[in-house]
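Quick note, the sequences are listed as chains A and B, same order. Position 229 (the first sequence) corresponds to 229 in our numbering; numbering is contiguous. Take the position in the second sequence, starting the count at 1, then add 1000; the result is the number in our numbering.
If you are wondering where the hints come from, they were derived from the structure by calculation, not from laboratory data. Even glycine gets a Cβ: it sits at the ideal position worked out from N, Cα and C. Certain hints may be false.
[Claimed, not checked] Some, not all, of what chain B presents toward chain A, calculated at C-beta under 10 Å:
(1) ASP1062
(2) ASP1146
(3) ARG1247
[Claimed, not checked] Taking lysine-lysine and the PhoX-like style, the derived pairs with C-alpha atoms no more than 25 Å apart in a straight line are:
(4) LYS1029(B) / LYS689(A)
(5) LYS1245(B) / LYS1183(B)
(6) LYS1103(B) / LYS694(A)
(7) LYS1245(B) / LYS1230(B)
(8) LYS1230(B) / LYS1029(B)
(9) LYS703(A) / LYS689(A)
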Amino acid sequence: MIADRKGSAHAEGGTTMMAILFRILRRDATRNRIVNLVILALVGMSAFLLASGGALIVQLATSLDALFERAMVPHLVQMHAGELDRTRVETWAAGQPLVDEYQIVEMVSVDGSHLVLGEWPTTEDHGVMDISFVAQNERFDFLLDGDNRPMLPAPGEIGVPLYYREARNLAVGDRVRIDTGSFSREFRIAEFVRDAMMNPSIIHSKRFLVNPLDYAALRSNLPDTEYLIEFRLTDASRSGELATAYTEAGLPDRGPSVDHRIFRVFNALTDGMVAAVVVVLSLLLMLIAVLCLRFTIVSTIEEDYRQIGVMKAIGMGRRTIQRVYLIKYVALGGVAALGGYLASLAAGPALTANITAFLGSAEPPLLLRTVPMIAALIVCAMVVGSAVLVLRRVHRISAVEALRSGAVDGRLRRIGVLPLRTGRRAGVNLVLGVRDVTQRPRLYALVVGIFALCAAIILVPFHFHSTMNDPSLIAYMGIGRSDIRIDLRQTDLVGRRFDEMVATVAGDPQIARSSPLVTARFTLVGDDGTRESIAIETGDFSLFPLEFVMGEAPRGEYQIALSVLKASDLDRGLGDSLMLLVDGEERTTTVSGIYQDVTNGGRTAKAPLPVDDESVLWYSLIADVQPGVDVAHKTTEYSRLFHPARVTDLNGYIEETLGQTITQLAGVVAAAIGIGLVVAILITALFLKMVLIKDTARIAIMKSVGFSLQHIRLQYQSIALALLLIGVVAGTVLSNTLGERAVGLLWSFMGAAQIRFVIRPLHAYLLLPLLLAAAVGVTTLFSVSRIRNTSIATTIVE
Amino acid sequence: MNTTTTVIEAQQLTKNYVLGKNNELPVLKAVDLKIERGEFVSVMGASGSGKSTLLYNVCGMDRMTSGSVLFNGVDLSRLPEPALARIRLTNMGFIFQQIHLLKNLSIFDNIVLSGYLCGNRTRREVERRAAELMEQTGITEIAGNDITQASGGQLQRVGICRALINTPDIIFGDEPTGALNSKASGEIMDLLGGVHREGTTVMLVTHDVKVASRTERVLFMMDGRIVAEKRLGPWSEDGNGPAHKAREAELAQWLIELGF
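Given the sequences, and given the hints that come with them, work out the whole structure.
Now the structure itself:
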């Protein structure tokens, strides 16, 4: 009976204990409003970003899968310009057990100068894109409408690649006009099509979809055609094998060959990078939140040291004491995670707008709900976990010690640093403030660390954005820096036209220097004798030198330079040898240099080799104008002169290729600056709140010996600004070293291994730090205004 | 309640503080002490004589270096920390100079918290007991208040209520009146006297002759040893009466003789 009664009393004790814990929580919520709100905001933002990053990744992956499935993307595509023996290809394909389906897609090439999109004032003459018109495929490789269904335009209608919707500000109903002089036709935009193969701006080919009747008309009036020889395989992972077999069979291959993995990488690139930046930001914020949490808990334990001692003394168990403190962090973590999750749901459509526009939205999968939820739960778990870890120090508190000394650390502060007499000139308050920083290094180191992270959160995306916007970006695109670039695609008599073009440019007095570059297909002989085809750019690489990560430009016909990813694919380093078939003979070349290249899937090679006309893939020419010559003017002149060659200036090339990525990144930079400032403000408020609580007695004593409120405020402001200064310097160093490496890691997936930040000193070293300083300064002013309430009388009573 | 007559029995109780490698400071030197059930004992001595250390060691809050302490016949030196905590929660009550209550709880919740944690009684019983104690100590009207809304004397009463909530066998007090004025101090001693009258053993550490003179037995410590002991007779109910004045003078004289 007694045992029963005791049992029920115990059970009831548990629930009443919970009730007590909730009462503790409720009172704490009103007492420590600022501290709680700051932690809530930090953890909430971190949960929001991690959940959003998770949603972005899931949306990206599922949309990409859905798009690839609905579009039935070919596993291997061989592009070919010029004559095509269909029967030969079809006979070969029919005999390949690996080939599940195949088709030859014919495309009519339209020169940019003959195409006007909507109300855009110019033709597509200056665009970097190769434009083709196609009819919908019958078997696979479909161009899809907004609902991811194969689009079937009616006669007179056209499906325009999504890329142009943003780039040329088009809308459904706008007109697209082809006018060659001898032939013209106008189409009405019925839809913007998703082209799983050519969606991304980084792929310089775009397909317009028209009705088969219109296609037939175009075909009979426009002479240039190109082919996509497409295969779907029984085993997609063996596309490399089929590519080699294709090359060995000597089938038509005037054009690059691309496999489905590249399409996936390119499609995922821009949003993948944004998602990665968001996740990295959220992790940084989480780190900050955990550091703050540690700071808060340690301060609370220090403040409540004696109280904890008493709790232990009267027989409260360690777990119970921990629970008294933990309940708050469980609640904060839970509320923040829930808030962050709900906010990520609300912001989801806006965040994933780019993905859904370009890739379409898959059926909302369970994952899209669960991954952000798990992300938010992880943040919550991190908060509770770190609180539990920090609260372990409650175990170390001895009741007797706490009751006897009443302070955590009886050690005296160092007093030797910066004696007060130095302050006669500099101002006693300033010296007192700075002295305090040197005397409590552990307390302040944390804040410096957090300020450094804030600076890094702002500076890293800013540097990255500056780098992406700088012409030196060309160093990562595998080409030398030049004013003008001319690309000539495969057409009849292309070789002769190219020779004429080279001669004309070389003879132009307005041109300072020029260099022809011919990309041709060669055969690479592997260590085990296997052969695969490799596109190599040939020419003189000394005129427009490339930046090399290692080594130097190839000289002579026995040297080759490889892009970072190509070198890694081939497992070759500087000085290693590579066997090529040149003019039918084996030739051993040595790797003379490795460079960065984010174009063409990041896998390219350069060597000054002799080229046979048959194996040429494309021709390019790069040139610098004489000083004083207007590049834009020259570009227009050459476009007209070398029609249908594609003439671009450098900035135009970068803009058209990476413009979309840069725009999205600009959004991330703006958000990062906002987040960095908000975090700096929150942390300053939190930190000063805690320090002022700790320093209640100190302030009261200072006031009693005659320091004015203004003096004391000056001390705390000098502390906050001194910390900010150290933090910003550390953050800048951090951004320029680790930040650069982290961004390099992101870019290495694209082919740039060693990114060098382009730093805009005025912004990076002056304006942004000033912005941070202003935010911290104003917050300090507001925070120290509570000093007013402290008096020696109240402190003594306490 | 336990029925053994001896509540505390310390034998050869020794405590050294470790200051560094091979550097120990002896604070208690082989102390023998017996406190019988229902006694009202005070410990006096100069600062650093070891009186607080003695209190913390006999209650199991501090770990002795050697010797033993039997509490209700149980050897505290052999018990692990959770068991010691349980004994302190259930069988002992503590009053400190600074009371240190949980600042995020009301005064009433601070008192009942130990009762809930103990789990020996139902919630209603705990609350009834708290109400009784608050009534006895005269703080019923501030039950719902925040701890910052109470005076030092009131907070010490809250401390007494907290110490008594689980009806302990013994109350330990470390300078319980040290931070109070003489009026408040007298009131607290009246309350402790009431507790003693109900049969609870009380052991106090104090500097104050006035406080010690109201207890039944005074132990005097010097250099880590109990060097003298004086029995003053039954608990002195009226701390201001002429009889008590004489008792206080007698104790003072005794202490002077001991060099205090």
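### Message
If you test the structure against every hint from before, which numbers come out violated?
### Response
Hints 3 and 4 contradicted; others consistent.
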